[in-house]
Amino acid sequence: MKKFIQSLLFISIVTFFFSSCLKDIGTKHYKMYTPIIETMSSLKAKVKSIAPISVSNAGKLFVIGNYVFLNEKEKGIHVIDNTNPSNPINKAFIVIPGNTDLFVKGNILYANCYTDLLAIDISNYNLINTTKSIDDIFSDVRFINGYNVLTGNAITGWIEKDTMMNIEIAEGQGIWSNGRYISGGWFGGGFATIGGGPQSQAGGSATGKAGSMSRFAIVDNYLYAVSNSTLNSVDVSNAAQPLVSAKLSIGWNIETIYPFKDKLFIGSQTGMFIYGLTNPSQPNYISGFSHARLCDPVIADDNYAYITLHASANICVGTQNELDVVKISNITSPVLVKQINLTKPKGLSKDGNLLFVCDDDAGIRVFDITNPENPILKQTIPLAATYDIICNNGIALVSAKDGLHQYNYTNANNVVKLSSFVY
Amino acid sequence: MKKYHFILFVFISFYSFSQQKVKPVFTSINSIGTLWGSSQNVFAMQTINGFSFKQWNVGLGVSFDSYGTQSTPIFIDVRRNIFKNKNLFFYTDAGVNIPWRTTNFPKKHAWNNEDAFKLNTSFYGEFGIGLKKLLANKTFFIASIGYSYKHFSYVEQNVQTWGIGGVTGKSDFNYDFYYKRIALRLGVQF
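Chains as they are written, first to last, in this note's numbering: chain C, 1 to 423; chain D, 1 to 190.
Bound-form chain D, shown alone:
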């Protein structure tokens, strides 16, 4: 639950900015890149759309992330220029990882139509630093590198029937995968 407190914090921050009579400017950050971890190296892409004020940028992001299993992280992105160097920024993301129901994880067992796999929504987070280079009016080239964390959780249901003593039941297996990757992203901000 603590993980989600961060999201609440971001929303509160966003609200406090809106009270500052600073007119926010819409920004869109779109990037492609790679997620590099101990077991895979996969393509990734994301879009973050939000507002910027002064040195800050806050937005809502959506990613395509196929590391381990295909999923869609949805997250709040907060980034700020480091000191007054407008080329360098840090960013942090926090949100949820929504796994895709692929053929590897059918909802029902084909042979008896009982529940098969329950996919859980879990935590997603990333933080890192990046570079911005002005390309044209209000359009920046973006390069960033960060540490990306994805939790993939699912339950394999009704794996076995067991019973004795007049009592029977079904057993489930609970799986958790914690993926830790380096995220390298290139994109544009406008």
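Next up, chain C with everything else stripped away, as it sits in the complex:
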């Protein structure tokens, strides 16, 4: 027994020495992003036309006459001669830093350059001329990932740095914050961007067609441009000298705009809003259709609106991926009449009884909408990373990540590929 007690004493002494090494340690490793900030004046000074470059990250597209304008995300616009859709020719590249949206009316290209809206004379696309800049019209762009830069500036990139910080472990918890680390702090909300793309309605100078992902639309003499929370009405009766006529706050997370006759169909992450153009300079709210928080463009005709909803991590928190058909014959009371599950639908376009839906990597879905309340899937055209589509006189122009693809759908039962303009 004596030996046992001696041993116990020895152990107690050892324990005393150990006790000084009992500090729990927590660490967190992550990438810290510091913004690169440039002035808008220096960015706009870079706007110019250069020799054609290859497509690397295609965005929205716009069709007018024999030309296709294809956005290169955040970099500028490819000018493509599409006289022969089987053999499109890259003619020039218009450098516009921060550009995501575009619309063309006559010889004037409207394009966003980060926070500003530019009117650019493209009579000669090799020798362009900025005729007007409406500054800070897309002020939302200055608030990005938790940063807020001053007017006249834009965040053009990020410096990435591996970072480590110590986490204090609270007494009685073991892991910070009640047994679970709550993330956040270094980076604000999700990535905010001015999106944008166009849709055209006739009137005045010739305008073309934009895809459903567009944030720009022209109806008669007004350009309507949505930012994250604002519907801007811009008088373009003098195309080269646009003037802001109204800025309407229309809620948050606005994504797309689509004009049809005297209505604007606005897609937001929480629903579709319909605005009337009784007074074109001041669109008026008519009605809305709510859905789960998902990313969605919308197109419409007289009686039905077609909405694609897709989930996107940390941007649109819902999980559904579907095509919704909403009856709008009573414009003040839209009613959902059909839901079709898809993979990850994005841009869509219709022509007659055909509805084309870009379904991301699943390809292009072609629906027969003879009965709009019961679309029938006729064909799925395989194509990776499809984004937006425009149906134009029997030719479907598809923007995918790798470039522009064109299909002839004059025979609805046999959609034929015409060309791929890829990098």
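Be aware that a few hints might be false.
[To be verified] Have a look at the derived ranges for each label pair, beta carbon to beta carbon:
| no. | chain 1 | residue 1 | chain 2 | residue 2 | range |
| --- | --- | --- | --- | --- | --- |
| 1 | D | Asn-120 | C | Thr-34 | 24 to 32 Å |
| 2 | C | Ala-45 | D | Asp-115 | 37 to 45 Å |
| 3 | D | Ala-110 | C | Gly-288 | 48 to 56 Å |
| 4 | D | Ile-74 | C | Leu-377 | 47 to 55 Å |
[Stated by the list, open to error] Which stretches of chain D does chain C cover? Using the computed rule of at least three CB atoms under 8 Å from a CB of chain C, they are:
| no. | segment |
| --- | --- |
| 5 | 32-39 |
| 6 | 176-189 |
[Stated by the list, open to error] Which residues of chain C face chain D? A few of them, derived with a C-beta cut under 8 Å, are:
| no. | residue |
| --- | --- |
| 7 | Cys-21 |
| 8 | Lys-23 |
| 9 | Asp-24 |
| 10 | Ile-25 |
| 11 | Gly-26 |
| 12 | Thr-27 |
| 13 | Lys-28 |
| 14 | His-29 |
| 15 | Ile-89 |
| 16 | Phe-143 |
| 17 | Met-165 |
Just so you know, these hints were derived from the structure itself, not from any lab.
From the three backbone atoms N, C-alpha and C, an ideal C-beta is built for every residue, glycine too.
Put chain D on the given structure of chain C with help from the hints.
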């Protein structure tokens, strides 16, 4: 990787013992106790089953360890009587710590079904000394005290989406917790 060299060493040692024509005897050590650290004091239990030869005992152990986060350490345990005093022994453990996927660490984000938490298997180790007291034929009461180390590592995935310049991506946060505790254990060996 160095941490795991120790495990290899133990296996080699075990192999060399088996070459000595000493007949090993099966032993089982089962204990309960407490893990006492700077932020918590929690219940723990473990079982070690293996063989003993002469002054040595080598076994494979499994623990329940709720310090910081619930986990199951699986380890090789090596212990030896100190000198010829059969009451006193030292021991050392080395192995892996396998964290439990509790509700705090779901595999997928409920709201978008994207990957949420990736739990990593990390290092676990302990060393200390103890006392043995014969209770009955080949059955011992065991009391030990040691310094216990547990590494808990996980990745919080898809925390934020970021992007500009046409490039987007997801950011992950990597967490590491290094727990250092005093382990007090009471049990029986038979």
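For this session: Could you tell me which of the hints above the structure violates, numbers in ascending order?
Result: Numbers 3, 15, 16 and 17, in rising order.
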